[in-house]
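Novice: With the hints as extra help, turn the sequences into a complete structure.
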Amino acid sequence: MMPRFWPMFRKEFIQMRRDRLTFGMLIGIPVIQLLVFGYAIQTDVRNLPTVVLDESRTPESRDLIAAFENTGNFRVVTHVDGRPALDAAIARGDAQAGIVVPYAYPRDLARGTTATVQVIVDAADPLSSQAALSAAAGVAQVRNLAILSRAAGRSIPVEARVRPRYNPGLRSPNYIVPGLVGVILTMTMVLITAMAIVRERERGTLEQLIVTPITKTELMLGKITPYVGVGLLQMTAVLILGRFVFDVPLTGNILLLYGVSLIFIIASLALGLFVSTLVRTQQQAMQASFGFMLPNILLSGFMFPRQAMPEFAQWLGLLVPLTYFLKVVRGILLKGVGLEALWREVLILAGFAVVLIAASVRRFRKTLD
Amino acid sequence: MIQAAVETRDLTRRFGALTAVDALTLRIETGEVFGLLGPNGSGKTTTIRMLCGLLEPSAGSALVTGLDVTVAPEQVKQRIGYMAQKVGVYEDLTVAENLDFYAGIYGLRRGATRARLADVVAFLALGDRLGQLAGHLSGGWRQRLALACALIHQPALLFLDEPTAGVDPAARRRFWRTIHDLARAGTTVLVTTHYMDEAEQCKRLAMMSRGHLIALGTPAEVAAQVGGRGGTLEDAFVILQERDER
Ligand SMILES: Nc1ncnc2c1ncn2[C@@H]1O[C@H](COP(=O)(O)OP(=O)(O)OP(=O)(O)O)[C@@H](O)[C@H]1O
Ligand SMILES: [Mg+2]
Numbered sequence: 000m001m002p003r004f005w006p007m008f009r010k011e012f013i014q015m016r017r018d019r020l021t022f023g024m025l026i027g028i029p030v031i032q033l034l035v036f037g038y039a040i041q042t043d044v045r046n047l048p049t050v051v052l053d054e055s056r057t058p059e060s061r062d063l064i065a066a067f068e069n070t071g072n073f074r075v076v077t078h079v080d081g082r083p084a085l086d087a088a089i090a091r092g093d094a095q096a097g098i099v100v101p102y103a104y105p106r107d108l109a110r111g112t113t114a115t116v117q118v119i120v121d122a123a124d125p126l127s128s129q130a131a132l133s134a135a136a137g138v139a140q141v142r143n144l145a146i147l148s149r150a151a152g153r154s155i156p157v158e159a160r161v162r163p164r165y166n167p168g169l170r171s172p173n174y175i176v177p178g179l180v181g182v183i184l185t186m187t188m189v190l191i192t193a194m195a196i197v198r199e200r201e202r203g204t205l206e207q208l209i210v211t212p213i214t215k216t217e218l219m220l221g222k223i224t225p226y227v228g229v230g231l232l233q234m235t236a237v238l239i240l241g242r243f244v245f246d247v248p249l250t251g252n253i254l255l256l257y258g259v260s261l262i263f264i265i266a267s268l269a270l271g272l273f274v275s276t277l278v279r280t281q282q283q284a285m286q287a288s289f290g291f292m293l294p295n296i297l298l299s300g301f302m303f304p305r306q307a308m309p310e311f312a313q314w315l316g317l318l319v320p321l322t323y324f325l326k327v328v329r330g331i332l333l334k335g336v337g338l339e340a341l342w343r344e345v346l347i348l349a350g351f352a353v354v355l356i357a358a359s360v361r362r363f364r365k366t367l368d
Numbered sequence: 000m001i002q003a004a005v006e007t008r009d010l011t012r013r014f015g016a017l018t019a020v021d022a023l024t025l026r027i028e029t030g031e032v033f034g035l036l037g038p039n040g041s042g043k044t045t046t047i048r049m050l051c052g053l054l055e056p057s058a059g060s061a062l063v064t065g066l067d068v069t070v071a072p073e074q075v076k077q078r079i080g081y082m083a084q085k086v087g088v089y090e091d092l093t094v095a096e097n098l099d100f101y102a103g104i105y106g107l108r109r110g111a112t113r114a115r116l117a118d119v120v121a122f123l124a125l126g127d128r129l130g131q132l133a134g135h136l137s138g139g140w141r142q143r144l145a146l147a148c149a150l151i152h153q154p155a156l157l158f159l160d161e162p163t164a165g166v167d168p169a170a171r172r173r174f175w176r177t178i179h180d181l182a183r184a185g186t187t188v189l190v191t192t193h194y195m196d197e198a199e200q201c202k203r204l205a206m207m208s209r210g211h212l213i214a215l216g217t218p219a220e221v222a223a224q225v226g227g228r229g230g231t232l233e234d235a236f237v238i239l240q241e242r243d244e245r
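In order, the protein sequence lines correspond to chains A and B.
For the first sequence, numbering that gives the first Met the number 0 gives the first residue as 0, with consecutive numbering after it.
For the second sequence, numbering that gives the first Met the number 0 gives the first residue as 0, with consecutive numbering after it.
None of these hints come from the bench; they were simulated from the model.
For clarity, every value in this text was computed on a predicted model and none was experimentally measured.
A few of these clues could be false.
Unchecked claim - Once the Cα atoms are required to be at most 25 Å apart in a straight line, the calculated SDA-like pairs of lysine to any residue come out as: (1) A:Lys-365 <-> B:Gln-84; (2) B:Lys-85 <-> A:Leu-367; (3) B:Lys-85 <-> B:Pro-72; (4) B:Lys-85 <-> B:Gly-138.
Specialist: Encoded structure:
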């Protein structure tokens with residue numbers, strides 16, 4: 000079966016080792032992505048994990064906390080009973096912001112004297128604290144208006160005091176780094192295969208190759224298989240970096256993760272093959288690959304949570320393989336869930352791989368037309 | 000009648016409004032060295048590509064080693080060798096790696112490969128250069144490597160598209176000696192060239208201009224076609240072309 004697969008594979012492997020551009024992409028793309036999104040990690044101000052110390056435990060205080068959450072800047076992850084516990088939660092990095100509603104809050108409100116709420120944020124990250132500060136000020140303002148309309152004539156009942164404190168433990172790497180595995184794989188795998196075929200066309204070696212009896216399937220599979228190993232290496236590198244630089248937990252079954260990644264890598268390589276049947280020059284291949292990356296990054300939930308997207312964008316996101324892969328990586332790495340929770344995504348990824356390879360083989364012509 | 004190596008009938012290829020090959024009818028006998036001549040853009044490469052199954056004819060038919068190339072292109076590919084005008088060896092592979100690759104792609108069986116590779120390497124005197132990257136070879140040697148790759152599966156029919164373009168005279172002469180060796184061993188060779196000294200060495204010639212045939216026959220017959228006694232092949236080539244373009 001497929002006797003010409005191995006010669007093709009060997010040749011491609013040797014060329015991959017010798018080609019500077021390919022090698023540059025293998026190293027360069029992950030480095031650039033880590034730099035770009037490393038920066039993104041620092042500027043992520045939405046959904047700050049927030050710890051709440053509600054001393055008053057009244058409908059009014061719950062109402063206030065809901066208002067904080069509704070700004071989208073705070074995401075309450077835990078409630079605590081005392082100030083030391085709050086400080087500890089922030090110190091541990093379980094939360095990046097704290098909200099303290101004092102015992103006297105409803106009383107002050109009722110009296111019309113200025114009620115004080117404390118908001119504690121991490122000042123190590125000026126962008127986060129800035130955003131949290133203005134969000135908190137916004138809450139105070141809205142409360143003010145709401146309460147004013149209820150009990151007319153009263154002045155500034157809530158004052159949000161933002162108390163910045165030092166806290167180096169930004170936790171969004173947990174979210175970004177697993178996603179980065181998927182983004183880097185998509186980008187390099189698609190680009191490398193698309194380039195590998197188009198390069199042969201440009202150099203004239205494709206003409207010499209398609210005049211032989213090699214079948215389209217042998218040609219295409221031989222072409223992409225060496226890069227599977229590359230994908231697995233890249234993924235390992237990002238995971239190690241994530242573990243030791245960004246402290247991202249590796250909770251779940253790593254073997255399962257590699258298994259699913261293998262499927263995802265094949266799907267991405269197949270996509271690169273498909274791109275190669277659509278373009279003529281290496282430059283076009285590069286443009287097409289980068290053009291393809293954008294919807295992947297935006298729609299897959301890598302940057303923005305899919306639940307927060309307009310319905311149409313959510314629907315579009317279902318068309319990109321990365322969406323499913325992200326769910327799987329995050330599920331395995333962060334939640335430690337197994338195949339029983341992820342089999343649907345795994346099947347869909349396998350479907351992508353099969354359909355894309357079939358489509359590429361169908362589109363590829365062993366002629367020069 | 001012995002089977003023709005190539006037999007075309009009204010073979011035509013259009014690119015949009017341009018007719019690159021125009022109703023070409025041609026018969027190449029098995030075992031002959033057949034030259035295809037013509038100015039730039041006259042349709043030589045396009046003809047060869049159609050015969051190799053690399054381009055679909057727009058009209059007409061072509062039998063290659065008795066097989067219809069539009070019906071059984073993959074079977075044809077197993078029987079022919081093709082050396083493209085733009086030499087398509089892998090420059091980032093060594094000479095040996097290029098040869099190994101094509102041996103594998105042409106499906107040579109494991110045991111047979113080693114012996115066949117040794118034969119081809121000896122035949123083209125590539126022995127000293129096996130470890131060299133193809134990209135570092137000079138023009139003449141690169142062409143020899145391309146020929147070696149095209150020969151590895153012992154094709155009955157060999158298409159050489161300007162195999163000696165840009166190669167020094169000594170290397171050209173060596174290359175042509177190789178072509179004659181192949182022909183003696185029974186291989187049919189279809190070769191295109193712009194060199195008249197090479198054309199003289201072909202058993203028969205076809206001259207093309209603007210996609211169609213303007214002369215056909217042995218070099219002597221073609222030279223005689225323009226009347227003048229003692230006219231050279233080059234004279235005939237130029238006169239016929241000018242006549243056609245008028
Ligand atoms: N893929 C293509 N698309 C459009 N036009 C083409 C294509 N290939 C060839 N042509 C045109 O067809 C004509 C014949 O080209 P061809 O390459 O067959 O000529 P040739 O005789 O081999 O010339 P040369 O001696 O320069 O190699 C030329 O006008 C060329 O521009
Ligand atoms: Mg040509």
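Novice: Confirm or reject each hint.
Specialist: A quick look at each hint next to the structure:
1. A:Lys-365 <-> B:Gln-84: It holds: about 18 Å lies between the C-alpha atoms, which stays within 25 Å.
2. B:Lys-85 <-> A:Leu-367: Given that 25 Å is the threshold and the Cα spacing comes to 14 Å, the pair holds.
3. B:Lys-85 <-> B:Pro-72: Holds, because 22 Å separates the two Cα atoms, which is no more than 25 Å.
4. B:Lys-85 <-> B:Gly-138: Given pair Lys-85 of chain B, Gly-138 of chain B holds - Cα atoms ~11 Å apart, limit 25 Å.
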